[in-house]
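**Q** From just these sequences and the hints, can you work out the full model?
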Amino acid sequence: MANEFATTDDAPLTASKNSHAAEQAGQTLIEPKGDSLVGRAVTINRPAAELYDYWRDFSNLAQFMENVVSIETLDAKRSHWVVKAPAGKTVEWNAVVTDEAENSFIAWASEEGADVPNSGRIDFKEAGARGTVVTATILYDPPLGVVGKVIAKLFQREPAIQARRDLRRFKQLMETGEIATAAFTQEQLQEERN
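Per our numbering, the sequence shown starts with residue 155, numbered consecutively.
In case anyone wonders, no lab produced these hints; they're calculated from the structure.
Any given hint might turn out to be false.
Per label pair, the in silico range of CB-to-CB distance [stated by the list, open to error]:
#	residue 1	residue 2	range
1	ASP211	GLU265	17 to 25 Å
2	ALA281	ALA230	22 to 30 Å
3	ASN199	ARG319	29 to 37 Å
4	ALA283	GLU246	40 to 48 Å
5	VAL287	THR227	38 to 46 Å
6	ASP253	ASN214	18 to 26 Å
7	GLU332	ALA281	21 to 29 Å
Don't be surprised by glycine CBs; every beta carbon is placed ideally from N, CA and C.
**A** Take a look at the structure:
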C-alpha cells in the first residue's frame, strides 16, 4: 500500500515534488515556451463538457479575462491575442492549439514572434457532485525579464495575479451567468476594466 502512494502523484505541475509527475500523469506541455510557471485551479459547479465547450470558443475568453482586449479566431487551431500590458500598452501574439482532448484539456503555445512567448494547458477534471476542477498551467517569458515581471505585478498585469482573478471570474460567469463587480455606474465599470 505504501508503494502505491510513492509511485502516484496527482498534484498540479506547479506543486508536484516529483520531477517526473507531469510525464507520468500525461500532463506535459507539447511545446513549452517560457521560464516563469504559473498554476491555478478552481472548482466550478458545472459539468466538464459545458466548461470545455465554452473555453474552446476562444472568443468567449475576453468576457471574463480582464486583461484581454481581443481574441480573433484565425482557424480551428490558431487565434490572435491582444492583451493589456503595463503603462497603457498592449502585447500581441498568435497562439496555436498543440494538443487537446474533448471535455478534458486544451494545450497551446505561442507562435514565433510573440511579444510574450507563452504556452500552457487548461484541464477540466470531473469532481462528482461538486462539478469540475479547472486547472490552468501557464509558462511565459515576461518582457524585460525580472524587471518586466516586477513592473507587471505593480500594475496588476502579472499572469500569476491574473490567472487567479480570471478563473474566479470564469467560475462566477459559469455558475451565475454574470460577473460580480463593485462598480455602481457604467463609467465606474469602464474604469474598473481599464
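**Q** For every hint, state whether the structure bears it out.
**A** Cross-check of the supplied hints:
Distance hint check for ASP211 and GLU265: the Cβ-Cβ separation is about 20 Å, which falls inside the suggested range of 17 to 25 Å. Checked against the given bound of 22 to 30 Å, the beta carbons of ALA281 and ALA230, roughly 29 Å apart, stay inside it. Separation of ASN199 from ARG319 is about 19 Å and departs from the stated range, judged on CB atoms against 29 to 37 Å. Taken as a hint, the range 40 to 48 Å holds for the pair ALA283 and GLU246, whose Cβ atoms sit roughly 41 Å apart.
For VAL287 paired with THR227, a C-beta distance near 27 Å fails the hint of 38 to 46 Å. Look at ASP253 against ASN214: about 20 Å separates their beta carbons, and that is inside 18 to 26 Å. Under the hint 21 to 29 Å, the C-beta atoms of GLU332 and ALA281, about 23 Å apart, fit the expected range.
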